[in-house]
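Protein sequence lines, in the order shown, are assigned to chains V and B.
The opening position of the first sequence corresponds to residue 954 in our numbering, with each subsequent residue numbered one higher.
The opening position of the second sequence corresponds to residue 954 in our numbering, with each subsequent residue numbered one higher.
Don't take every hint at face value.
As the list claims (entries may be wrong) - Keeping only pairs whose Cα atoms sit at most 27 Å apart, straight-line, the calculated DSSO-like set for lysine-lysine is:
{"id": "1", "chain 1": "V", "residue 1": "Lys1572", "chain 2": "B", "residue 2": "Lys1534"}
{"id": "2", "chain 1": "V", "residue 1": "Lys1534", "chain 2": "B", "residue 2": "Lys1210"}
{"id": "3", "chain 1": "B", "residue 1": "Lys1534", "chain 2": "V", "residue 2": "Lys1386"}
Rather than coming from a laboratory, the hints here were simulated on the basis of the structure.
Protein chains: 2
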Amino acid sequence: MEAAHFSPPLSSLLSRPHSPLPPRSLRFLSIPLSFLTRLSPRGGARRASQSRRISSSAAGDPIVARPSKELRKERNGSSAAAAEDEKLRALRQLFSRSDVGIDAYIIPSQDAHQSEFIAECFMRRPYITGFTGSAGTAVVTKEKAALWTDGRYFLQAEKQLGRDWILMRSGNHGVPTTTEWLNDVLTPGCRIGIDPFLFSFDAAEELKEAISKKNHELILMKDFNLVDEIWKERPKAPSKPIRVHDIKYAGVDVSSKLSFLRSEIIDNGCTAIVISMLDEVAWLLNMRGNDVPHSPVFYSYLLVDITGATLFVDDNKVTAEVLNHLTNAGVELKPYEAILSEIESLAANGAKLWLDTSSVNAAIVSIFRSACDKFAAKHGNNTRKQVNNESSPALFSNMNKSIRNGGPNGLYKVSPVAIAKAVKNKAEIEGMKGSHLRDAAALSEFWCWMEQAVLENVELTEVEVADKLLEFRKKQEGFIETSFDTISGYGANGAIIHYQATPESCSVVGHKNLFLLDSGGQYIDGTTDITRTVHFGEPSSWQKECFTRVLQGHIALDQAIFPERTPGFVLDVLARSSLWKIGLDYRHGTGHGVGAALNVHEGPQGISFRYGNLTALQKGMIVSNEPGYYEDNSFGIRIENLLLVKEVDLPNSYGGISYLGFEKLTFVPIENNLVDSSLLSPMEIKWLNDYHSQVWEKVSSLLNGAARDWLWRKTRPLPQN
Amino acid sequence: MEAAHFSPPLSSLLSRPHSPLPPRSLRFLSIPLSFLTRLSPRGGARRASQSRRISSSAAGDPIVARPSKELRKERNGSSAAAAEDEKLRALRQLFSRSDVGIDAYIIPSQDAHQSEFIAECFMRRPYITGFTGSAGTAVVTKEKAALWTDGRYFLQAEKQLGRDWILMRSGNHGVPTTTEWLNDVLTPGCRIGIDPFLFSFDAAEELKEAISKKNHELILMKDFNLVDEIWKERPKAPSKPIRVHDIKYAGVDVSSKLSFLRSEIIDNGCTAIVISMLDEVAWLLNMRGNDVPHSPVFYSYLLVDITGATLFVDDNKVTAEVLNHLTNAGVELKPYEAILSEIESLAANGAKLWLDTSSVNAAIVSIFRSACDKFAAKHGNNTRKQVNNESSPALFSNMNKSIRNGGPNGLYKVSPVAIAKAVKNKAEIEGMKGSHLRDAAALSEFWCWMEQAVLENVELTEVEVADKLLEFRKKQEGFIETSFDTISGYGANGAIIHYQATPESCSVVGHKNLFLLDSGGQYIDGTTDITRTVHFGEPSSWQKECFTRVLQGHIALDQAIFPERTPGFVLDVLARSSLWKIGLDYRHGTGHGVGAALNVHEGPQGISFRYGNLTALQKGMIVSNEPGYYEDNSFGIRIENLLLVKEVDLPNSYGGISYLGFEKLTFVPIENNLVDSSLLSPMEIKWLNDYHSQVWEKVSSLLNGAARDWLWRKTRPLPQN
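Make a model of the complete structure from these sequences and hints.
So this is what it looks like as C-alpha cells:
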C-alpha cells in the first residue's frame, strides 16, 4: 500500500482552495491528481552528477508478484523509529555545508517522473520520517521538523513518527500548508532547498511564488539529494531487464507512434520533445519494464526530435532483443543520467523544445531555461523571455516562424502522448478482453475456494485472502503481478477506502459482515481492476438496500448512452442518483482510465464529480465504473467493472454526430444475495440477469469442477418481480 | 418576439471560442447569457447630456397586456424598407462632424442595463437596419454596412434588410466576427465609435483589445448616440408610474435589504455600490414598473452607500406613494441622467466604489476611472492603477486598509444582489404558488375552450390561440401582462425553438399534428412560465415515443435529490438520458431561474449542459424544468414546469449535509394521449398519476362547468402496465 498508492502531496504543500481535486484523492478515484492538474511536486530519480550515482549493477530486486505478507514485513522493517533523531541531526548538519547553505529542506514523496508507484530507492520521505504511508511531505528546518499527511494516515503517522516530528493533519481546520508554515516559522529572507528532480516545474514555480511572500528564496539543488547523502544502506536502484511489448499486443509499431509524435512536434513549430512520464515512454516504444511495483515501466526519459529519438536509460537493463528493437525504430541510447547535459546541448544548438511543465521536473526545465538565457546573452537576442511566458503557453505556436528562428526556446504545453495512449487500438482492446477473461477465471476459482473455506469455518485473515487470490492469478497465462496492492477489507475495514491489511493487525474474514475485495492484475496483454463485495452469511436489509442502490448506480452508468464530446464528469451523477435519493453518497470519483498492459490509473479521461477535467470520453478509451457506499466503523460496498467506450448504433443520430456507450470488459458474478430486487426496476433486473448470462457464456469454458459449478450457481437469474 | 426576446449579440460581436454559451442562446435556455457571462455589449438608456434627452412627459404607451395581433402589426409597420439608404447616408454624414470624427460605428441591440426586454425608444439597431429580430449587431463604416445575426433570424433578416446591408450569418463557416470584419475592411489605425452606455465595461474592453490588433482606436461617445441623432419620430421614453410592491408579496422590507447590501459593501472594504440591473433595483426597493414589455421594471440606477441610497429615475414616474415608500427607506431621488455626474463627484470625494463591470456599462465605469485618475494626478498618488487591475479583481479586498485610504478606487466584482434575489423568501414563495394556481386555472379554461374549438373545426391560427390565452389569463386576479411573447407553434412551427407566429404568416392549429404552447404571466404576486404540448387528434407512435422520452427526462429531473452545493449543470444529464438512449437530444438548456413577480429569466442559477455556471442550487431558488425534442420541418415537443428548490427530509444525511430536491409550482395536466406507457417504469407512471391527482386537488376548486369537467377528464390516472 504505502509506496504503491497514489498520493496527492500538493494538497499538503500548497494551498489551492479552487483545485478541482481535494486532498482526499483516492486510489480508485476517477482520475489520479497527476492527470488532472499535473501540479504535484514530483520527480527525483538518478542524476547526472557523479555524486548522486547509485550502482545499478548491485540493484535490489523489484517487487514483483510476491505475496502481501512478505512485502509488508520488509517495509515495516525498514522504518526504524529509534534512529530518527540521528537522521535529522545528520540532515541538518548538511544545511551549513559550503555547497548547500540552506535554512530548510522539503522532502516530498515523489520520484522524478510523476509515478504513482515508485522504486524503494526513491522512498526518501519514508526514510527520513519513519512514516511509511503513501502520501506525505516532510519539511525540516534547523529547529523543527514537520510532516503533512491526510486523514487516511493520521493514526499511522502518529504511531510511526518520532517525537522530534510535528504531525500536520492536512485538511483539518487551522492546519497550515507547508509554505504557510515555512513563512511562519522562518525569519524572512531564508533559503529553502529542494531537489528539483522531485518537483514538476509548475509545482516548483508555485512553491517559489508562495515563499516569496516572506522573501524566502527557493534553492534548486540538482547535484545531490540531501536525504541520499545520509541514507545508510539505501536500497539499490532497480535493474531488471526491459522487455519488448509484442506488436500483437501493442497493435501499432514504434515507427508509426514516433511519426505521429513528430507530426505533433512539427505542427507545434517545435524541433523536439521530452517525454518524462514512464508509461508514455513505455507506450511509445512498445517496451515494458520491472522498475516499480504494479506498473510495467522502467526509469527513463525519451527525447524525440524531427529525425531521431534518444532513450535515456541504464544500459544494463537493455537486452540484445531490446537493443535490436530500438535500433530498428531509429532510437539511440544514452545513460539515464545524461538527460541534463543533452538538454543543455539542445539549447546550445537552438532547439525549440516542447516541455510539458506540469509533468517534466524542474531540474530539466530550469537547465533548459538557463541554457536558453546563455544562448541569448551570447548571441545578443532576447527570444527566450518572450517565449517562456508561462501565462500564454500558446504564444510560441502563434509566433511567426521567422521570429522563432535564431535561438532556442520552449513550448510549455501538455504532452500529446496522453490522449493517444488513452484511445486503445484493436490489438490493445483484444488484449484487454482476453486478459479480463483469464482474470475472471482466476477470480471465480478464488471466490469458489473462499466461499468453501468460510463455510468450513477456516480462519482466513484479510492478508491471507489477498495472498490466495494472487496464487490463483499466478496460475493464469500471461500473469505478471498485481496491478496495485489488493484492498481486502472485512466489515468495518471495508469502510476505510484506502484500507491496507497488514499481517499484524488485520481481521479474520467471517460470515457476519460484508467483505470488500478490490484487486487487479498485470498481464502480458492487459491490465485488470475489479471490486466485488460479498456476504458469506445473512446480510441485513439495510446492507442489502445500500448494495442495491450502489448496483443501481453501477447499472445506470453502464447503460448510459451519450453524444460524442461529452466529458466524463457529466455521467458521474448517474452513478450517484440512487444513493442520493436516501441521503447517501461516496467520497470518491466513479471512474478512472486504465492502461493496456500498463498503469492501472491513467489519464486524461475520468468520471468524477470534480468537473475540472473536460476531457471528452472517446471511442476506444477504457474507464472503471466503481460506485460505492461506506458506513464508518461498519461496512464498505463497492462494485467495479472496467468499461470500453464504444460507438453505439442507434436508430437516430440527432445533430449528425456519433453517440457513445460502454462495453463491459469485466465478467465476474455480482452477489445476488445482496440484492433487494424489490428496489430494482424490471430493466435493472434484466441487466443483472443478462450480465450473469454473459459471465457464464464467456468464462465457464475456462473453468472446471467446483469453480465451474460455483459460476453456474452465481449466474442464475433473479426472478422478475 | 422581436424586442421582447433575449438576444446574445456578443456572439456576433466578439469571437469567444471558449464561451460557455454558444450563439444559439434561446429564450428558454437554462440561463440567459447575461447571467452567466455578463459580457454582452449592452446598455444605452437616457443620458445626462441635454442633446440626448427625450421628453418623457410625452412618452408613448409601454406595451402591456395587449393582444399579439395588434402588437405585431405595429412593429411590422415601423420597419420601412424604403427609407434605409437615407438612414445610412444620414448616419455616415455624422461620422465627419467635428465632435464625432470616426470611421465606423457599432450599433448593438442593447439598452444601458443588460435588459432582456427593452423599451421601443432604445431599439436603435432595428431602426437603422430595418431588421426587427431580437438578436443582432449592426456595424456601419464609411463604405459598408453589415448586420450580424444568428441562425434563428437568417430568413427574416434576408427579407428585412435593404440591399445596402450585408447579412453576416453568425455561426456559419467562414463568417467573420464583427471585429475580424472591421480589422479586415478598415485600413489600420481607424477610429471606431460606440455608445458606451450600450456596452458593459468588460465587453467594451474586449472590443478595444480585439481592434487594437490593427491599431484601431475605440472611441467612447457618451454624449450622444448617432442613431438617436437621425431618428425621426423616435418613440417616447416610457413614463408609466412606478408602484410599490406590497410587503406581503416582497416579504422583506427595503431597509433590511439595504442593510444586507451595506454589510456586503463594508465586508468588501467599499463605501458604495452602483446597481444597474433593473430587476436588482426593483427587488432591492420593493418597487415595480412598466417601462418594458413582460418585465415589471423601471429604467433607473441605484447607488447605495454606507449611510444612504440614491435612486436615479425620472421623477414623473414617482407617485406620492412611491416617494413616501422611498423616504421611509432613506432613499433619495435624483434624475436618471444625473448618474454620471454623481459618479464623478463620488470619485472626487475618495469613494471606494463596487462596480460589477460585467453588467455596469462602460460609460459609468470609464467616467469613474477618469475621475480616479484626475484625483491621483491632483493628489500625487497612484492608487488607481494598482486597484483597477482587471486581472486580479480581488486585489482590492486583499489590500491593507491603510493602503486603500487616501484616494478613490474601484472594486470590480460581481453584484451581491443576484444571489440574494434568487433565493426566495417565504412571502415570495407563497406569491409564486398562488399565482401559479390562478395561472393553472386560466390554462385549464383555455385548453378546455381550445379542445372544443378544434373538435368543432373552428379555424384558429397560432396568433388567435395566443390572444385567446391572454384573454383567459386577464380574467385572473392580479394578472398584469404576459411574462414573454407566447410561443404558439403548430406542427413544423413547433420545431422552431424561437418561433414567433405573425398574423400574416402563421398556421391554423389543426388536429393532425402536435401543438406546442409556451407562455407565462406576470401577476402582482408572481411570475409563471409553462409549456405544454398536445395533439387534438391521433399522434403517431413516433411522436408518442418522443413525447414519452421527453416526459421521462422531465420526471427524472423533477424527482432528483442531490447534496447541497451541487451546481445545476450536474443535473442536466438526468433530463437528457432517455432521449440519448435512442440518439435524440435538444439544443437548449434544461432550466433557468425565474424571478418572483419579476423577470421570467433570472440568474445566477441554471440547469444546462454548459458547465461554466458553477452556481449551486440552493433552497428557495426557482428553476424551470423544460426538456424538449424538435424534429425539423415536422414537430416540436417541450414539457415545462417551474420547480422550487427545497430541503428534503431523508432517513440519512451522509456527510452531515443537507440534501435538496424540488417542489412543483406548476399544476396543469400533461397530455396522457401522448404517453406511450409501455416505455414508462411503474415509478414513472406513478409520478404522472400522482401529479394529475395533485392538479385536480389544487386547481379544481378554481374552476366551474366545462373547464372543471375538462380538468377531471385530463387528470384521470393511467393504468399501471
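Comparing the hints with the structure gives:
With a CA separation close to 17 Å, the supplied pair Lys1572 (chain V) and Lys1534 (chain B) stays within the 27 Å bound. Proximity of Lys1534 (chain V) to Lys1210 (chain B) is assessed by CA-CA distance (about 35 Å); at most 27 Å being required, the pair is judged violated. Only pairs whose Cα atoms come within 27 Å are accepted, and Lys1534 (chain B) paired with Lys1386 (chain V) is accepted, the gap being roughly 25 Å.
Hint violations for this structure: number 2 only, all remaining hints satisfied.
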